[in-house]
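Line by line, the protein sequences are chains B and Y.
Read in order, the letters of the first sequence are residues 1 to 203 in my numbering.
Read in order, the letters of the second sequence are residues 1001 to 1337 in my numbering.
Derived from the structure by calculation, the hints contain no laboratory data.
There may be inaccurate statements among the hints.
Below are the DSS-like pairs computed for lysine-lysine, each with C-alpha atoms no more than 30 Å apart in a straight line [said to hold, decoys possible]: (1) B:182 <-> Y:1217; (2) Y:1300 <-> Y:1192; (3) B:26 <-> Y:1298; (4) Y:1258 <-> B:182; (5) Y:1292 <-> Y:1192; (6) B:95 <-> B:70; (7) B:95 <-> B:182; (8) Y:1035 <-> Y:1091; (9) Y:1213 <-> Y:1258; (10) Y:1258 <-> B:139; (11) B:26 <-> Y:1258; (12) Y:1335 <-> B:182; (13) Y:1217 <-> Y:1156; (14) B:139 <-> B:104; (15) Y:1298 <-> B:139; (16) Y:1035 <-> Y:1144; (17) Y:1192 <-> Y:1298; (18) B:139 <-> Y:1144; (19) Y:1213 <-> Y:1192; (20) Y:1217 <-> B:139; (21) Y:1051 <-> Y:1082; (22) B:139 <-> Y:1213; (23) Y:1335 <-> B:139; (24) Y:1298 <-> B:182; (25) B:182 <-> Y:1292; (26) B:139 <-> Y:1300; (27) B:182 <-> B:104; (28) Y:1292 <-> B:139.
Sample of chain Y residues at the chain B side, in silico, Cβ under 10 Å [as the list claims (entries may be wrong)]: (29) 1137; (30) 1240; (31) 1252; (32) 1255; (33) 1257; (34) 1305; (35) 1306; (36) 1308; (37) 1314; (38) 1317.
Nothing here was measured: the structure is a model prediction, and the numbers come from that model.
Using N, Cα and C, we set each Cβ at its ideal position, and we do this for glycine too.
Single-letter residue listing:
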Amino acid sequence: MGVTIVGLCSIPSERTSQQVIDVLAKRLTNLFADVVGVWSLDFELYQTNADSLSNKNVVYSLVWSDNNAKYIMYNKNDSQIVPLESPDEFTSNIKEYTHRKSLKVQGQTLLLGDFIVKLSSVVSGHASFTDIIIEANYKPCGNVSLCWNLLREFCMMLTESYELSLPEAAPASISDITAFEKSQTAVQYADLLVNHKKAITKA
Amino acid sequence: MNGNSNGIPTASTENNSQNGSTNSDNTSVEAYLKKLGNALHAVQELRWHVKDVLNDLNDEVLSSSDGHNDAEINGINALKQKLENADTNIKHHLKQLGSAEFKSISSLPSSSALPSLLLYDPQLEGKSTHQDLINSHEWNQNVKSNSKIICQIMEKRQNEINFLHNEQDELSNDACQDANSLENIKNDILTKIGNSHEELIIDSSSRDNSLIKVTIKNTLTALIYVTETLVISKVLIMGPEELNKPKVRTISSYQVFKLVTLRATAASLYYYGNNAPAIAFQLFMDWLASYKSLFNSKCKYCNRYLSDLHTDFRYLPACCRTMDKDHLAYHYECKPN
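Take these sequences, add in the hints, and give me the full structure.
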């Protein structure tokens, strides 16, 4: 299973996201990394209606294309994004929610030794983010506290000439767990996509 | 032991050897035989002398038959007759001696053997009866002494065989005890290591007691194959979740654990080449416990988590640990020689 870290790499003004992704992919392939496929993530934001009795005001839905995994998140304490204990709670009451925003994260997957690297850009309709998302998964270790710094160093080594924004410490929702789960990756994506200040460029 | 050439049986010697007869019986027999021999010799000599005198008288009578008067001739003839009578009487007495039974002394040969010996005229046959007796007696003594020696040799051989059997039994018992003691030593070492390193989870409950599973929580699992003499024959390092896969006894699919497996094999060879098996086993387990910081320890040389050189070991954590007590972490390219 491994531990996954998700970070945001800033794109220089003179370049596009696809160009940066190509450069990073080239770096990895020069180190004998293998391109194993493409992937995408559908991110949707829902807000409760005014007359809704639900205490969960904002709900996020994340669906992966490579393994059809789906996670429903919500804001807990207005700052912490956590998975819903029962996704059926949302799907059964979906009429109480209004769809506000959709984002699509898409890119390619590369395999370098024990690391699985996903380089992806964020697209919102006809606009794209000025940053690219880097996801690095380290397969041998399953404990967040043991290999978090190792993953940070790997991402920094990979994007040494670009500005990389990585969480200093593991999010509070996953730092105290022993075994990393896939839902924790969804939490990081949701936190990144929701809280990051974006600059929209016209396609 | 069928007797000598004269057919004198020597069954008494068997009785003596079986009953453990003492040397005093042999001495008395020898003394009696000597006395008898002397007596016979004396009798024979007397007979010879009588014959000599008779022959001399015959010669004297023949040579001086013309000069002697009738009275002298009659006297010589009378003397001659007496000597012949003496010779006949001696012969008769010798016969009587031959027919007599010597019941009081059981060690003597049977009387049936004596007549031929007593009537035996050594002068006619050219042999000495006494010497034959002595020779036969000596021969019997030799046989008895040799049989004693043979008995001693056989006893010695039997003792050696018994000793070897006992020694073999002791060795097998010792081997069982040694196996049990080695098993106890192994369990003691594992208990001691488990107490000193809390992060280690040791499982030695395999079927044949040759496999020890050592798990460092959230880090790795080591499959250690140990012989009966506490020698590590094989080490496999893999991720904790890989134990659930079908092919467990093969090498790990992760690069980091492949390198750690190589290092573990080198460490086992190093420790067992310089120490006794029990000590080497303990040192190896202490070395293995240092891998609890495999993913969160920086290299002592380059102060980085990952190795970034363009080699086969690129982007691997500090997988090498020094063999000394400190167990410092290094990348493969950064480790000191």
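Here is how each hint holds up against the structure:
In summary, the hint linking residue 182 of chain B to residue 1217 of chain Y is supported, as the alpha carbons are separated by about 20 Å, within the 30 Å threshold. Of the supplied pair hints, the one linking residue 1300 of chain Y and residue 1192 of chain Y holds, its CA atoms being roughly 29 Å apart against a limit of 30 Å. Taking the CA atoms of residue 26 of chain B and residue 1298 of chain Y, the gap is near 28 Å; set against the 30 Å cutoff, the hint holds. For the proposed pair residue 1258 of chain Y and residue 182 of chain B, the alpha carbon gap of about 26 Å is at most 30 Å, so the pair holds.
Note on residue 1292 of chain Y and residue 1192 of chain Y: the hinted pairing holds, with a Cα-Cα distance of about 18 Å set against a maximum of 30 Å. With a CA separation close to 19 Å, the supplied pair residue 95 of chain B and residue 70 of chain B stays within the 30 Å bound. At roughly 28 Å between alpha-carbon atoms, residue 95 of chain B and residue 182 of chain B fall within 30 Å of each other, so this suggested pair holds. Distance restraint check for residue 1035 of chain Y and residue 1091 of chain Y: the Cα-Cα separation of roughly 19 Å lies within the 30 Å cut-off, and the hinted pair is therefore satisfied.
The hinted pair formed by residue 1213 of chain Y and residue 1258 of chain Y meets the criterion: a straight-line CA distance of about 17 Å does not exceed 30 Å. In summary, the hint linking residue 1258 of chain Y to residue 139 of chain B is supported, as the alpha carbons are separated by about 14 Å, within the 30 Å threshold. Of the supplied pair hints, the one linking residue 26 of chain B and residue 1258 of chain Y holds, its CA atoms being roughly 27 Å apart against a limit of 30 Å. For a cut-off of 30 Å, the pair hint linking residue 1335 of chain Y to residue 182 of chain B is broken: about 36 Å separates their Cα positions.
The straight-line distance between the Cα atoms of residue 1217 of chain Y and residue 1156 of chain Y is roughly 66 Å, outside the 30 Å bound, and the hint therefore fails. Only pairs whose Cα atoms come within 30 Å are accepted, and residue 139 of chain B paired with residue 104 of chain B is accepted, the gap being roughly 25 Å. For the hint pairing residue 1298 of chain Y with residue 139 of chain B, the CA-to-CA distance comes to about 19 Å; that is within 30 Å, so the pair holds. A threshold of 30 Å between alpha carbons decides the hint, and for residue 1035 of chain Y with residue 1144 of chain Y the separation of about 23 Å falls inside it, so the pair holds.
Restraint check for residue 1192 of chain Y and residue 1298 of chain Y: the C-alpha separation of about 28 Å stays at or below 30 Å, so the hint holds. Proximity of residue 139 of chain B to residue 1144 of chain Y is assessed by CA-CA distance (about 92 Å); at most 30 Å being required, the pair is judged violated. A C-alpha spacing of about 16 Å is found between residue 1213 of chain Y and residue 1192 of chain Y, which places the hinted pair at or below 30 Å, so the restraint holds. Between residue 1217 of chain Y and residue 139 of chain B the alpha-carbon distance is near 16 Å, which keeps this suggested pair within the 30 Å criterion.
Of the pairs offered as hints, the one joining residue 1051 of chain Y and residue 1082 of chain Y holds, with about 11 Å between alpha carbons and a cut-off of 30 Å not exceeded. With a CA separation close to 22 Å, the supplied pair residue 139 of chain B and residue 1213 of chain Y stays within the 30 Å bound. In summary, the hint linking residue 1335 of chain Y to residue 139 of chain B is supported, as the alpha carbons are separated by about 25 Å, within the 30 Å threshold. A C-alpha spacing of about 27 Å is found between residue 1298 of chain Y and residue 182 of chain B, which places the hinted pair at or below 30 Å, so the restraint holds.
For a cut-off of 30 Å, the pair hint linking residue 182 of chain B to residue 1292 of chain Y stands: about 24 Å separates their Cα positions. With a CA separation close to 24 Å, the supplied pair residue 139 of chain B and residue 1300 of chain Y stays within the 30 Å bound. With a C-alpha separation of about 19 Å, the suggested pair residue 182 of chain B and residue 104 of chain B falls inside the 30 Å cut-off, and the hint holds. With a C-alpha separation of about 17 Å, the suggested pair residue 1292 of chain Y and residue 139 of chain B falls inside the 30 Å cut-off, and the hint holds.
Interface restraint check: residue 1137 of chain Y against chain B, minimum CB-CB distance 99 Å, threshold 10 Å, status violated. Interface hint status for residue 1240 of chain Y: upheld, as the beta-carbon distance to the closest one in chain B is roughly 7 Å, under 10 Å. Interface hint status for residue 1252 of chain Y: upheld, as the beta-carbon distance to the closest one in chain B is roughly 8 Å, under 10 Å. Hint status for residue 1255 of chain Y relative to chain B: holds, with the closest Cβ pair at about 5 Å, below 10 Å.
With a cut of 10 Å, the hint placing residue 1257 of chain Y at the interface with chain B holds, because the nearest CB-to-CB distance is about 6 Å. The beta carbon of residue 1305 of chain Y is positioned within 10 Å of a beta carbon in chain B (closest approach about 5 Å), and the interface hint is therefore held. Interface restraint check: residue 1306 of chain Y against chain B, minimum CB-CB distance 6 Å, threshold 10 Å, status holds. The closest approach between the C-beta of residue 1308 of chain Y and any C-beta of chain B is roughly 6 Å, which is under the 10 Å cut-off, so the hint is satisfied.
Here the hint on residue 1314 of chain Y is kept, as its CB sits about 6 Å from the closest CB of chain B, short of 10 Å. Because the smallest distance between the Cβ of residue 1317 of chain Y and any Cβ of chain B comes to about 6 Å, under 10 Å, the interface hint for this residue holds.
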